[in-house]
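Student: For this one, chain A is given, so just place chain B on it according to the hints.
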Amino acid sequence: VAANSIKRAACAATVLVWGLCWLTPTPEPLKIVVIIPLLLLLPGLVVIRGALRKKAMNFEFLILAIGMSVALTIVLGLVLHGLNALNSGGWGAAISALLAVAIWRWLFAKDASRKEERLSPFAVAGNRRLAACSGVAAALFAGSIALAHYGADNHRQFAYSELWMVPSEGADSNTISVGVRNDEQKATNYDLEVLVDNKVFVRWPEFRLENDEQWTRELPIPLAIRHSRHVEARLYNRDQPLRIYRRVWLSRDEVASQ
Amino acid sequence: MSDGIMLRNRQAIGGDLNGLVGTAAHDLGQRGHGSRIWRTLLRLLGIAPFDRSVDQPTAPSSLAWPQAIAVNAGVASLLAAASANASRIGQDWATIGFYISIAIIFLPVGFRLALPDVCRSERIANLLIAALGLFALRVIRAPLFFVGHDEYLHWTTAQNIIETGHLFSSNVLFPIGPAYPGLEVVVTAIAELSGASVFVSALVLLSIARLLFVGALYLIYERIAGSARRASLACLFYMGCSTFVFFDTNFSYESLAMPLFALALLINLRVRDWRGTGLPRLLTTFALAVLSLSMTHHVTAYALAALLIGLFLLETISGGAAAARVGLAVAAVLAIAIPTGWSHFVGNPGEAYLGPVFENALYDVVRLVHFSTGRKLFTGDDGAVAPLWQRSMTLASVGLICLGLVLGFFRSLSFAGAPFARGIAPKTWSSVFGWTNSPVILLTMLTFGYPISIVLRLTRGGWEIGNRIGPFAFLGVGIVLSIAATTCLKGESKSVWRAACISAIATIILVGGVISSEGPRILVPARYQVSADAASIEPMGVAAALWTKQWLGAENHFAADRVNRLLLSTYGRQLVSTTLQHGYDAGEVMVAEKFGPKEVAVLQKVGIDYLFTDLRLTTGLPVVGAYFDGATADQMLFAPPKPESLLKFNTMDGVNRVFDNGYAVIFDVRALSGRK
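Heads up: the protein sequence lines correspond to chains A and B, in order. Take the first sequence: its position 118, counted from the start at 1, is 118 in the numbering used here, and no numbers get skipped. Here the numbering used here runs 1000 ahead of the position in the second sequence, where the first position is 1.
These are calculated hints, taken from the structure and not from any lab test. Computed from a predicted structure; not experimentally measured. Note that CB positions come from ideal geometry on N, CA and C, so glycine has one too. It is possible that part of the hints are untrue.
[Stated by the list, open to error] Which chain B residues face chain A? A few, computed with CB under 8 Å, are given here:
| id | residue |
| --- | --- |
| 1 | 1084 |
| 2 | 1195 |
| 3 | 1196 |
| 4 | 1219 |
| 5 | 1263 |
| 6 | 1292 |
| 7 | 1295 |
| 8 | 1543 |
[Claimed, not checked] Computed cross-link-like contacts, DSBU-like style, restricted to lysine-lysine with a CA-CA straight-line distance of at most 30 Å:
| id | chain 1 | residue 1 | chain 2 | residue 2 |
| --- | --- | --- | --- | --- |
| 9 | B | 1594 | B | 1605 |
| 10 | B | 1676 | A | 199 |
| 11 | B | 1676 | B | 1549 |
| 12 | B | 1549 | A | 186 |
| 13 | A | 31 | B | 1549 |
| 14 | B | 1605 | B | 1676 |
| 15 | B | 1594 | B | 1642 |
Same shape as in the complex, but just chain A:
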């Protein structure tokens, strides 16, 4: 009776966790922790238990269960594709169905004794020294990946500024967008001028952008210049004010088409 109560409680908890995870905005890492066993262990356990008529969990059973879960997921993807449901809703429904089958089989399995069902990880968790060593190893792995992540994230061989000019889209089509993005790895002062047929049309003298900051302007094109030959944006870096640092342009056809 006690074993059955534990079973029912475990099933209810699994359903609750899965439901919360699926239907509420749960953090990604937590979702992964919940989803992986449901997707890549549970389906295989059900299939392998049925195929091998095995009751006791051992290493081979576990490997076969993981492998069959991967295989089932792939085949399930093909089925969902056929049902036009290859999306988060379809996968969620599929997991729910698999979970229901697994729970039904587990609850009504007659031959499963508590001892046989006991998974070695639970026993492992009871060993303090082992748990401590596993924790230290996991922390070292996590630390090394975090260290590599930090190094990769901060590796910037190129310090650069982006300049662009594109016709604006949408309702207000008589404008062009001009933008600058600073990725010089430091705050930078710029001058920007827009020329129409090589004559300065508008100028933004000395504006400052912090690193990773973006600056954009929508530039209305007056009707009078819409048939001009050439609209060009020139960006100057205040560290080298006499040199054109970046340049972009739109030719006559592009402007005329607005």
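Tutor: This is chain B only, laid out in the frame that chain A set:
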């Protein structure tokens, strides 16, 4: 050996081969020196009854060592992370530091597995720690985004699945990929359910696939070798396969196909050993495994079919149990029918894809035989030469594997009960084939694939096939080397020096394999390199690709070089031009010194909207051998393209220059291509 002795040997069929040796020695009379050599040679090759004393007694269960080994692997991964960061700031010691971290993870595992009095659970735990530790190095190497060329091809397919909610959407970079979407299905399932990125979902799946593969491999070896020690050592030597550590952990279909292959093989061995009722249920699970493999990777599925046909034939020839033969026959039929059926279902894309690969490989091998071509060993396409220690380690690795194969080949056949390898001359033809362990015979024969893979790797066209043969050939190499190690080095000995020796050999094989796969470019370097995949993919290129999506919208038709094409397709979600898709190489327009009617025609035929010109291409030769896709544009270049060629569009009417970051410029050429 003289012809006379050979004749006598043949005449003496029916006796013990050891007796033969004695007879031959006796006949040689005073020529005892020759007989000693002959006997020594037979002993060296292991042509004798197999010594089962190496099967260790059961040791008490203990997980003390795995705890220490796990902590050791964690410390080694810290060294690896420090090395990866050092490489990014140009420290010379970085590469060697990274290789040392691989050795640090592996050495203690090898040491424990080589000892005879280690329990099964510790062996499994140590193997899984080694697998995860080595997988951690893959994450440390590329912790932010994919860096392998093929990974971007599969990422595109995965993104298509997420965006369209359907399989089989076209992927111009990789036309055959969508027909084999197994990997992408599982990754997108994790991504859809968790909200994680494709990159994170892929890492999660690949880590599980790695555990699955090593676990299944161990169980396969254990089932056929009947010993936890032999099985764990076989896994240890398998890890020396050049594709194991990095290539087979890429986000690429082989990385999931190999675990599924091992799963199907394991179920097949259960089918072989099955006695009693319930065989149909087991065969159903086998069919499911083969179907998922067929949906994941064509070559691996066909390799499984070939292997299972071989196993069925060997079992039939040796007169194995009838029940086993029936099960194996059904499994072999399923292994042929399911991939063939899947290939037919998706339109047989494999023929067009694999045909040229095999043709080129064969052509290059023929030319290699005539000494008219070949890859320059240890030299990249940009002329960079691997350091001496790496060359030495690779050669040592190949040498040790060959030595192990020589020592282990007949010992493995003897282990499998093949009479001629046990030194027993067969009395009848049927007794020639009287082995008792067909799987070991099959895997031993697979080792012939190893020298073939080495020869293919010496050629430019065959390199890819040689690389693909490796994982299958190593199934045999693993068990043969394991048997060689446990028999030649006195298996029952508890000498730590012998265990250390086996561990050192396995580590040299592993590190040599990684070097032959990754070489000096194992880490992302401090400086950008031209067309070098991992060394070319960096944040500025990613930012430019993201800009195209934000400011130009998705699905514009871009022409770009090899690396930017990947970034535009994935981060930018643009349509990119490939010679494979259009039959024209749009790169030709970019590198041509002048823009004339021919270039206009290419732009119009391909229908290009934008040209992505990366001026960094002008700074060096392409590390992987091509700036674009090896077609017309690359054939036009014998030196880096000139900046003025790439920027010739600056002076052309109707061309807009919409983006400039100082290194890359995007030209809007829709007016020239007639797309506007």
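Student: Give a verdict on every hint.
Tutor: The hints, checked one at a time:
Contact between residue 1084 of chain B and chain A, as hinted, is supported at the beta carbon level, the nearest pair being about 5 Å apart and thus within 8 Å. Below 8 Å, beta-carbon pairs count as interface contacts, and residue 1195 of chain B has one with chain A at about 5 Å; its hint therefore holds. Annotation: residue 1196 of chain B was flagged as interfacial toward chain A, and the flag holds, the nearest CB pair being 5 Å apart, inside 8 Å. The beta carbon of residue 1219 of chain B is positioned within 8 Å of a beta carbon in chain A (closest approach about 5 Å), and the interface hint is therefore held.
Nearest Cβ of chain A to the Cβ of residue 1263 of chain B: about 4 Å, under the 8 Å cut. The hint holds. Because the beta carbon of residue 1292 of chain B sits about 4 Å from the nearest beta carbon in chain A, less than 8 Å, this interface hint is met. Look at residue 1295 of chain B: its Cβ gets to within about 5 Å of chain A, closer than 8 Å, so that hint holds up. Checking residue 1543 of chain B against chain A: minimum C-beta separation of about 7 Å stays under 8 Å; hint holds.
Note on residue 1594 of chain B and residue 1605 of chain B: the hinted pairing holds, with a Cα-Cα distance of about 18 Å set against a maximum of 30 Å. Our distance criterion of 30 Å between C-alpha atoms is met by residue 1676 of chain B and residue 199 of chain A, whose separation comes to about 27 Å. Taking the CA atoms of residue 1676 of chain B and residue 1549 of chain B, the gap is about 19 Å. The hint holds against a cut of 30 Å. A C-alpha spacing of about 26 Å is found between residue 1549 of chain B and residue 186 of chain A, which places the hinted pair at or below 30 Å, so the restraint holds.
Between residue 31 of chain A and residue 1549 of chain B, the direct Cα distance comes to roughly 29 Å. Compliance with the 30 Å bound is thereby established for this hinted pair. For the hint linking residue 1605 of chain B to residue 1676 of chain B, the alpha-carbon distance of about 14 Å falls within 30 Å, and the restraint holds. Our distance criterion of 30 Å between C-alpha atoms is met by residue 1594 of chain B and residue 1642 of chain B, whose separation comes to about 11 Å.
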